[in-house]
Structure formats: structure tokens, C-alpha cells
Amino acid sequence: MELYRIISPQRSGNHAIISWLMSQFPNEGVVFFSNSVIGTNPEKYHARLEYNGNIIKPQDRDTLIAHKIIRMASKIDTVIVSYENKDISLFEYSEPASVTVGYDTGLRMNILVSRSFFNWLASTYMLVDRNMNGAAGTQLWNKEMLRRIDNWFITNRVGRILEQRDPDHNLVASYDDWFVNPTYRQHLLDRIGLKSTFLELPKVQNYGGGSSFDRMRYKNDPEGMQTLSRWRHFIDEQIFKDIVSIAFDIDGFDTFIATYFPLCKAIKDENF
Numbered sequence: 001m002e003l004y005r006i007i008s009p010q011r012s013g014n015h016a017i018i019s020w021l022m023s024q025f026p027n028e029g030v031v032f033f034s035n036s037v038i039g040t041n042p043e044k045y046h047a048r049l050e051y052n053g054n055i056i057k058p059q060d061r062d063t064l065i066a067h068k069i070i071r072m073a074s075k076i077d078t079v080i081v082s083y084e085n086k087d088i089s090l091f092e093y094s095e096p097a098s099v100t101v102g103y104d105t106g107l108r109m110n111i112l113v114s115r116s117f118f119n120w121l122a123s124t125y126m127l128v129d130r131n132m133n134g135a136a137g138t139q140l141w142n143k144e145m146l147r148r149i150d151n152w153f154i155t156n157r158v159g160r161i162l163e164q165r166d167p168d169h170n171l172v173a174s175y176d177d178w179f180v181n182p183t184y185r186q187h188l189l190d191r192i193g194l195k196s197t198f199l200e201l202p203k204v205q206n207y208g209g210g211s212s213f214d215r216m217r218y219k220n221d222p223e224g225m226q227t228l229s230r231w232r233h234f235i236d237e238q239i240f241k242d243i244v245s246i247a248f249d250i251d252g253f254d255t256f257i258a259t260y261f262p263l264c265k266a267i268k269d270e271n272f
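The sequence shown maps to residues 1 to 272 in my numbering.
I should point out that these hints are in silico values taken from the structure, not numbers from a laboratory.
Fair warning: this is a prediction, and the values are worked out from it, not measured in the lab.
Treat the hints loosely; a few may be bogus.
Said to hold, decoys possible - Distance condition first, Cα-Cα at most 20 Å in a straight line; then the derived EDC-like pairs of lysine to aspartate or glutamate:
id : residue 1 : residue 2
1  : K86       : E28
2  : K195      : E43
3  : K143      : D77
Unchecked claim - Okay, the calculated beta carbon distance ranges per label pair:
id : residue 1 : residue 2 : range
4  : G102      : E237      : 29 to 35 Å
5  : S229      : P58       : 30 to 36 Å
6  : S74       : I239      : 17 to 23 Å
7  : D254      : V37       : 16 to 22 Å
8  : D269      : G102      : 45 to 51 Å
9  : P182      : A47       : 48 to 54 Å
10 : I235      : V180      : 19 to 25 Å
11 : P262      : G193      : 25 to 31 Å
12 : Q139      : G193      : 44 to 50 Å
13 : H233      : N52       : 26 to 32 Å
14 : D269      : D62       : 52 to 58 Å
Cβ atoms here follow ideal geometry from the backbone N, Cα and C, with glycine treated the same way.
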């Protein structure tokens, strides 16, 4: 059994990359546990479960098929476990001894999905605003946005530390590059050690919620989603500008952006 952990902030394009990654394996050769909890067994703690085209939602956990999939999970060739919006700051110095309980010994790779800051921020802005019923600018809304920005920064910063420390078991996957460049998709497969079977963009998955902007409108046409220019929708909104300003005041944030996301640094300097 080989374990792939997918670690990312929410709205990073992680579900699209997971869907594409799963397409590289035979249907009966991979089990996916969505959004588990670090330090627990994903069989017990997961948001959703997928195997051979079956998507098991939380309300269906006690069904016969759910129990059957979980019983056979440790015997399957490949297990993918995602961790979304989780604090991985402890990984900075050494990987915790117990991350994916029951599966750790089979670790093949940690894949940290990274989306450029401004496009991620725009999608997150829309998501939080919708979840909080248009409360943008309120104290509670600002607190939630800052929590998510901190998570984006920690995940992206620590992800690059892990990749530099042990590139054989850690990979930072750029959603932006993956979305536009088939050659980059091939590069990811080469890094992971998989033969290419599917380089096209996958359909948007329902369990990922689709795009914060388009929802499921582009389910069958992923290239129609303008995912790399989201931030332009908010260029004149003062609340968005204030959030950008606060983010760039975080210690080390400006330097990190300039180093790993130079285009975002240019966008900030020119527009915010």
C-alpha cells in the first residue's frame, strides 16, 4: 500500500488535482479519504470517502458499501488522504511520528497544493462572504479571513521547507501551473513516479463544491473557469484592499510572496 497525503488550504484547487491524480490509477486500485484530521486514522475521521466511482457522504457512513470500502482500504494499492485547512506548522522541523494513523508506514509522498495568493484570496473572499451571509468587513468576518490567510501562509511556507528537506517524499504542486500547462502536469506525474494516462483537465467534482464563483456551472468545461484572474473582480473593493494590506503586514509575508510568487508581488505593488 502506498499513501499519498494531499495537504492544502481550502480553495486551493486541491479537489481538482485529487480528481486528476485519481484518474491515473485503476478504479479499483485507489481509495480516497477526504479532509481527515492529522494524528487520527482516516477510516474514522474523514469528510467523504471515494472508491471505484462511489462517493460516500457523511450521512451514508453506516451503509454496507461504506463499511466494505473501509475494511478493504488497507489492502488497496493506493490510499489518498486529504488534509484541508490543517495547521502543519509542526512539520517545519520534523514530520510528526503519527500523521495518518494506520497508514503512515506506507507514505509515498506529501503533496502540498499551492495556489497563487491573489487568486486563492479572491475565491476565499467569496466563500467566506457566502458562508457568513454577506458579513464582509465585520469583526467576525475579518477574524475568519485572517485565520485562513495565516493557514495559507503556513502551508505554503512549510510546504517549501519540506520539499527542500526531502524532495523524494514532499512535493509542492502549483494549481496555477497545473491548470494551464499539460507539460507541468506531466512534470508532476514524473515527480510522483506515475506513468501518464490522463493529462487533460478533469471535470469539477461535486464534493469540492466547484468554484466559489461559478459553483458547478463549468462542471463539464473546466477550462471555461477563469480561475487565474479572480482577484480582478475585487480590485476596486475597499474591504478586499484592506485584507490585502493586512496580509502583507504579516511578518515575512512580503518577502515570501516576492520569492515564490513574484507575479503576486507585482500585482500588489501595481494595484493595491
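Against the structure, the hints come out as follows:
no., hint, result
1, K86 with E28, "violated (29 Å)"
2, K195 with E43, "violated (28 Å)"
3, K143 with D77, "violated (42 Å)"
4, G102 with E237: 29 to 35 Å, "violated (46 Å)"
5, S229 with P58: 30 to 36 Å, "holds (34 Å)"
6, S74 with I239: 17 to 23 Å, "violated (47 Å)"
7, D254 with V37: 16 to 22 Å, "violated (32 Å)"
8, D269 with G102: 45 to 51 Å, "holds (48 Å)"
9, P182 with A47: 48 to 54 Å, "violated (30 Å)"
10, I235 with V180: 19 to 25 Å, "holds (21 Å)"
11, P262 with G193: 25 to 31 Å, "holds (30 Å)"
12, Q139 with G193: 44 to 50 Å, "holds (47 Å)"
13, H233 with N52: 26 to 32 Å, "violated (38 Å)"
14, D269 with D62: 52 to 58 Å, "holds (54 Å)"
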